[in-house]
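Colleague: Construct all of the structure, not just a fragment, from the sequences and the given hints.
So you can see what is in the structure, the chains are spelled out below.
Protein chains: 2
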Amino acid sequence: MAVYTEVSDVELTGFLSQYGLGEVTSFKGIAEGVENSNFLLRTTLGTYILTLYEKRVRPEDLPFFLGLMNHLSDKGFDCPLPVAGKDGASLRSLCGRPAAIVTFLDGLSPRRVEPEHCRLLGSALARMHLAGADFATHRDNALSLAGWRPLFERGRARAHEVRPGLAEDLSREIDELERDWPSALPRGVIHADLFPDNVFFLGDRLSGFIDFYFACNDFYAYDLAVCLNAWCFEPDNAFNITKARLLLNSYRAVRPLETGELEALPILARGASVRFLLTRLYDWLHHPEGALVKPKDPLEYCDKLRFHQGVRDHRAYGLD
Amino acid sequence: MAVYTEVSDVELTGFLSQYGLGEVTSFKGIAEGVENSNFLLRTTLGTYILTLYEKRVRPEDLPFFLGLMNHLSDKGFDCPLPVAGKDGASLRSLCGRPAAIVTFLDGLSPRRVEPEHCRLLGSALARMHLAGADFATHRDNALSLAGWRPLFERGRARAHEVRPGLAEDLSREIDELERDWPSALPRGVIHADLFPDNVFFLGDRLSGFIDFYFACNDFYAYDLAVCLNAWCFEPDNAFNITKARLLLNSYRAVRPLETGELEALPILARGASVRFLLTRLYDWLHHPEGALVKPKDPLEYCDKLRFHQGVRDHRAYGLD
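Line by line, the protein sequences are chains A and B.
In this text, residue positions in the first sequence follow the numbering used here: the first is 19, and each later residue adds one.
In this text, residue positions in the second sequence follow the numbering used here: the first is 19, and each later residue adds one.
Each hint can be trusted.
Intra- or inter-copy, both count: the list cannot distinguish identical chains.
With a straight-line Cα cutoff of 25 Å, these simulated SDA-like cross-link-like pairs (lysine to any residue) come out:
1. Lys314 to Thr23
2. Lys314 to Tyr22
3. Lys314 to Asn159
4. Lys104 to Ser44
Honestly, the hints are just simulated from the structure, not real lab data.
Modeller: Structure representation (structure tokens):
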């Protein structure tokens with residue numbers, strides 16, 4: 019949650035003159051997204067989100083992200099739709115940063131995950147995977163297997179500050195992941211960051227996904243593994259098999275899982291744990307002392323990793 | 019700009035069940051107000067701001083603030099209107115904090131102040147003063163003359179960290195303010211914190227004031243002095259006499275200024291400088307090291323104070 023960039027009146031007016039969105043009636047920074055500056059923009063024609071992409075987003079990836087949101091919307095999957103300017107372009111520049119306007123998506127992200135959320139999430143994720151299957155652009159997952167060891171090396175020397183022995187445990191785990199990581203699973207466009215913050219619900223339905231700025235091409239089942247971690251553990255880090263069963267079964271009711279995908283779930287879940295453990299470790303070690311925006315606790319993902327290390331097969335996730 | 023408190027689904031649902039605002043369609047933290055947690059709340063019936071009052075606001079003052087917004091709205095002055103629940107109360111409790119919902123006010127606060135903003139501000143401020151004149155509740159200004167010396171003593175020992183000699187200068191200035199502060203000027207309800215952040219404009223008109231959480235009873239002309247400082251200096255701290263003239267003349271076209279008020283402007287402007295210098299000094303000395311939310315620079319108000327110390331009379335502010 020942050021607004022990093024101040025937008026002046028002159029810059030805003032100049033920027034909006036490139037669109038046909040009517041007159042601005044309100045413009046407020048909102049506490050959404052950790053990585054970018056987000057503003058709620060209301061005009062005489064509607065409500066929108068204006069995003070300025072800050073340093074963690076590579077500008078060359080933005081056409082993939084915005085193109086994907088357009089593609090998914092076209093296919094009837096609910097997500098913010100990039101708004102094109104008068105010249106047809108939706109990606110432009112504001113305050114020296116890449117910037118885009120997207121439509122406002124109604125809904126609330128759950129602060130406390132209920133089993134029903136997991137059931138709705140599973141089928142929506144499968145629908146997203148199917149809707150994205152014919153998206154033509156490709157983006158590698160920079161935060162998958164090949165990225166973990168370099169990221170680990172940047173935090174290794176100080177990992178013991180978070181927990182004694184963490185560096186040794188992580189080194190051994192990455193060895194095993196490099197040895198056992200699957201290579202031949204069904205793949206396509208995945209969200210790759212589908213935490214409850216990024217999923218909106220409205221009444222008894224799921225109203226859409228937001229924040230596609232980690233989306234990439236990778237195993238579909240890896241997206242499920244990310245969700246298992248983000249949605250199916252309780253605040254005390256206890257695994258909730260009921261939530262997992264609902265998530266996975268509602269997913270495969272829309273997009274059936276192959277045997278290879280089922281078998282790979284434990285190792286994918288270990289990899290998904292390592293991915294968030296490593297980025298949280300990095301943020302933990304590099305945040306300014308006493309900062310008001312506290313980094314998330316890496317140890318949460320140590321617990322999740324340990325759970326998946328103890329899993330024999332997919333039945334531990336509630337499947338037959 | 020901050021959201022300090024996380025509101026859970028259960029707490030939000032329980033809270034909103036006390037209102038007749040329809041179904042929630044969106045709930046987002048917004049980066050508005052330094053002191054409280056603010057959320058944009060959209061429902062099937064409209065758009066609102068939900069505020070949780072954090073530690074700097076005294077709960078016993080809230081009936082004054084909310085009552086004032088009600089009173090001003092009733093009188094046709096544009097500001098957020100507190101929304102009453104089904105029981106008729108607009109002040110209640112959420113997440114252990116006092117909380118209220120107010121209507122959403124359209125408009126944008128100027129990031130860069132133009133002379134026309136000052137002209138519109140002056141007449142609106144006078145209209146606010148007139149509209150509040152028969153507001154029956156009273157609240158002393160805790161940050162006026164009597165509050166300055168105690169606040170100064172809390173920062174005195176470390177004031178030299180901000181600027182060598184600052185403690186001595188401030189001590190002498192407070193002596194003089196205590197000696198020369200006026201006592202018999204017209205008084206009533208003032209806003210007391212009317213920075214550009216708290217004033218909204220829409221096209222070529224001023225659409226309203228927000229953030230009445232420093233409002234109190236004090237000299238009307240003191241509100242003008244606060245505005246002189248907040249609106250009529252350039253980013254390099256040079257005084258802009260054109261902006262001051264527009265502010266003051268448009269004010270007195272609606273509410274004429276007495277001779278005593280004109281004569282008091284320089285000392286009131288010195289006091290208004292000291293007030294913000296002291297609170298900024300305190301925040302500067304007490305913010306956590308490396309915090310992402312940087313406190314505002316106290317030295318800006320040293321420059322403004324020095325300007326007003328050199329002023330002979332109200333003609334320096336562009337008046338005849």
